[in-house]
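J.: Following the hints, position chain B with the ligands against chain A.
Each protein sequence line maps, in turn, to chains A and B.
For what it's worth, this note's numbering labels the leading residue of the first sequence as 1, then goes sequentially.
For what it's worth, this note's numbering labels the leading residue of the second sequence as 325, then goes sequentially.
Don't take every hint at face value.
[What the hints assert, rightly or not] Keeping only pairs whose Cα atoms sit at most 25 Å apart, straight-line, the calculated DMTMM-like set for lysine to aspartate or glutamate is:
1) K221/A - E367/B
2) K122/A - E407/B
3) K618/B - D566/B
4) K58/A - E84/A
These are calculated hints, taken from the structure and not from any lab test.
Here are the chains, one letter per residue:
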Amino acid sequence: MLAFLIRRISQSAVVLLVMSLLVFVGVFYIGNPIDILIAPDATPAEYARAVHELGLDKPLWEQYTIFLKGALHGDFGNSFVYNEPALKVILDRLPATLELAFTAMFIAVIFGIPLGMVAGMKANNWIGRNIMRFSILGFSLPTFWVGLMLIIIFSVQLNWLPSGGRGETVMLLGIPVSFLTLSGLAHLILPATNLALFKTSLAIRLTRAGVQENMQMDYVKFARAKGLSETRVIGLHVMKNIMIPVITVLGMEFGSLIAFAVVTETIFAWPGMGKLVIDSIGVLDRPIIVAYLLITVTMFIIINLVVDILYSILDPRVRLGQER
Amino acid sequence: MSTPLLEISNLKTHFFTRAGVAKAVNGISLTINKGEVVGIVGESGSGKSVTGFSIMGLVDEPGRVVGGSIKFKGRELLTQSVEEWRNFRGNEVAMIFQDPMMTLNPVLRIDTQMIEAVRTHEKVSKAEARKRAVEALAMVGIPSPEERVKAYPHQFSGGMRQRVAIATGLLNRPDLIIADEPTTALDVTIQSQILSEMQTLCRKTGMSLMWVTHDLTVIAGLANRVAVMYAGKIIEEGAVEDVLDKPLHPYTEGLVGSVPSKNHRGEPLYQIPGMTPSLINLPEGCSFRMRCPKATEKCHCEPPVTETANGRRVCCFHPNL
Ligand SMILES: Nc1ncnc2c1ncn2[C@@H]1O[C@H](COP(=O)(O)OP(=O)(O)OP(=O)(O)O)[C@@H](O)[C@H]1O
Ligand SMILES: [Mg+2]
Numbered sequence: 001m002l003a004f005l006i007r008r009i010s011q012s013a014v015v016l017l018v019m020s021l022l023v024f025v026g027v028f029y030i031g032n033p034i035d036i037l038i039a040p041d042a043t044p045a046e047y048a049r050a051v052h053e054l055g056l057d058k059p060l061w062e063q064y065t066i067f068l069k070g071a072l073h074g075d076f077g078n079s080f081v082y083n084e085p086a087l088k089v090i091l092d093r094l095p096a097t098l099e100l101a102f103t104a105m106f107i108a109v110i111f112g113i114p115l116g117m118v119a120g121m122k123a124n125n126w127i128g129r130n131i132m133r134f135s136i137l138g139f140s141l142p143t144f145w146v147g148l149m150l151i152i153i154f155s156v157q158l159n160w161l162p163s164g165g166r167g168e169t170v171m172l173l174g175i176p177v178s179f180l181t182l183s184g185l186a187h188l189i190l191p192a193t194n195l196a197l198f199k200t201s202l203a204i205r206l207t208r209a210g211v212q213e214n215m216q217m218d219y220v221k222f223a224r225a226k227g228l229s230e231t232r233v234i235g236l237h238v239m240k241n242i243m244i245p246v247i248t249v250l251g252m253e254f255g256s257l258i259a260f261a262v263v264t265e266t267i268f269a270w271p272g273m274g275k276l277v278i279d280s281i282g283v284l285d286r287p288i289i290v291a292y293l294l295i296t297v298t299m300f301i302i303i304n305l306v307v308d309i310l311y312s313i314l315d316p317r318v319r320l321g322q323e324r
Numbered sequence: 325m326s327t328p329l330l331e332i333s334n335l336k337t338h339f340f341t342r343a344g345v346a347k348a349v350n351g352i353s354l355t356i357n358k359g360e361v362v363g364i365v366g367e368s369g370s371g372k373s374v375t376g377f378s379i380m381g382l383v384d385e386p387g388r389v390v391g392g393s394i395k396f397k398g399r400e401l402l403t404q405s406v407e408e409w410r411n412f413r414g415n416e417v418a419m420i421f422q423d424p425m426m427t428l429n430p431v432l433r434i435d436t437q438m439i440e441a442v443r444t445h446e447k448v449s450k451a452e453a454r455k456r457a458v459e460a461l462a463m464v465g466i467p468s469p470e471e472r473v474k475a476y477p478h479q480f481s482g483g484m485r486q487r488v489a490i491a492t493g494l495l496n497r498p499d500l501i502i503a504d505e506p507t508t509a510l511d512v513t514i515q516s517q518i519l520s521e522m523q524t525l526c527r528k529t530g531m532s533l534m535w536v537t538h539d540l541t542v543i544a545g546l547a548n549r550v551a552v553m554y555a556g557k558i559i560e561e562g563a564v565e566d567v568l569d570k571p572l573h574p575y576t577e578g579l580v581g582s583v584p585s586k587n588h589r590g591e592p593l594y595q596i597p598g599m600t601p602s603l604i605n606l607p608e609g610c611s612f613r614m615r616c617p618k619a620t621e622k623c624h625c626e627p628p629v630t631e632t633a634n635g636r637r638v639c640c641f642h643p644n645l
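So that you can see chain A by itself, here it is in the shape it has in the complex (with noise of 0.2 Å):
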């Protein structure tokens, strides 16, 4: 187990370093932010004096040893626009971000893991057929066409919910959260359906799969010989079987909910990271891109070790650290 974690965290700080540089680099050869940043009227003598202020004026591989020096002490720099440490900037736009990337999670499983067995249990009838239909669509729509849609009929044309911002926040355990005002919530509810339709349609088919599959196991006639009821037998047997394989990739598919998010808070206006990282790449706000990326990664790798933990502790027949 020791070794196990030893080895994923050296293999993790080698895909920060080498990402990164790749960002770095990256966004020094598409443009210079001075350009888009500066009043277009400013003297040439500003302009220098602004260049050397940020830093920019040093060659890349003095500016790259410098922000690495800093990240190593938590510091990613001052942001080019808010002139506040890019650290600071993200981690207050974070809480935002995680609590729509949960509730949208929330929603794929109490609505997908069921939805899931029914279509497992009765595929050949029309409410398997309808609930697969469903999944193929939430499957194919673009987030971005299904999110305009959503804004139009709940928020343009019935008037329902509100079609941007977060609205109302309260302080839960020091992080403001919406879900719990009803002015949060009716913000919460379209931009989190929006994320979460992918995903749900992801759970559908994962549990199908999994009960289709395990329905036809000889433990579950087995079980069902011991005299035990139908509801034991789903419920439990075949539920712990197919809960390993859904937890996981969903647990997995978590970071890309997160990475998602970028396109459901442009569309919703949602004042999270997405929103604030397409925001910063149309001024090229180094700092910001370079920490974004870092954290999003990072919990990637996060996430994933949480995995492998959960997945080693629920099913029997895994320990970590022995390669499978």
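T.: Positioned in the frame of chain A, the structure of chain B with the ligands alone reads:
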């Protein structure tokens, strides 16, 4: 005579597949008395497992029992409600399957799987149910059962898993155990161990046993009576010694002849010519006639059942009488 434990008459279980109706069990009659060990032999696909599943009410889609009757202690099973079936399974009749690797749920501990089997039929405490599970494991020869009961199935070998499955079947002291080729997947030494343990168990508890196999030698040492199945029918039935010594049906004769024996070492084994017919397009009349050396014009009609002395039955126009 008192009512038999199990009385199957003219049972038909058909599978309604896309390719047509597969008559997996096509009118079989069989009686099992209390304490009796009955062997069911037949080639692969002759409907042995489907017979077992029909008794348990566990025939898979697209199969259905389409006719006949199954009486257990005089009570008709086929008209039972879902709840009555549930109370019956595992409690009055238990079934053990062919592949020990697949019968236990891989993600649940043995104790969970055994305790639930007890508690679904009897309102006893968990501790009491666990005690029974440990006793049952000890009975089938699992060493240090108190510890092993906490293990997961993958921590057992195939033979041990089959013992666990048998122990699970014994938990509610059923009157009949249907063992569907439970030793086929195991190696010979383990197989004979389990066989002799089952035999002792039956003698001790007065339990009846229906032992399904395609291995005649297993039946010879274990059963009192044997029923030979071919293409969904029982074509011959009788006391084991009689049937093995003097088979009446040409098919049984072929089966007995194809068992290797010490006396005929070096000689080529007898082979029954031809293949098992497709259950979807069974030939008219006797379904064995295409492969039968004795077949005549008559065999295009349904063969009669002939009863002979000491309860032997054979379903053939040309039995070796
Ligand atoms: N789920 C099913 N769907 C369709 N047909 C089936 C199904 N199960 C069984 N059958 C039909 O029933 C026939 C008999 O099957 P069964 O499992 O009883 O054979 P068996 O005598 O137990 O053979 P084996 O020795 O290989 O276990 C098969 O040949 C097949 O045609
Ligand atoms: Mg079988």
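J.: Taking the hints in turn, state whether each one holds.
T.: Against the structure, the hints come out as follows:
no. : hint            : in the structure
1   : K221/A - E367/B : holds, 23 Å
2   : K122/A - E407/B : holds, 22 Å
3   : K618/B - D566/B : holds, 21 Å
4   : K58/A - E84/A   : holds, 21 Å
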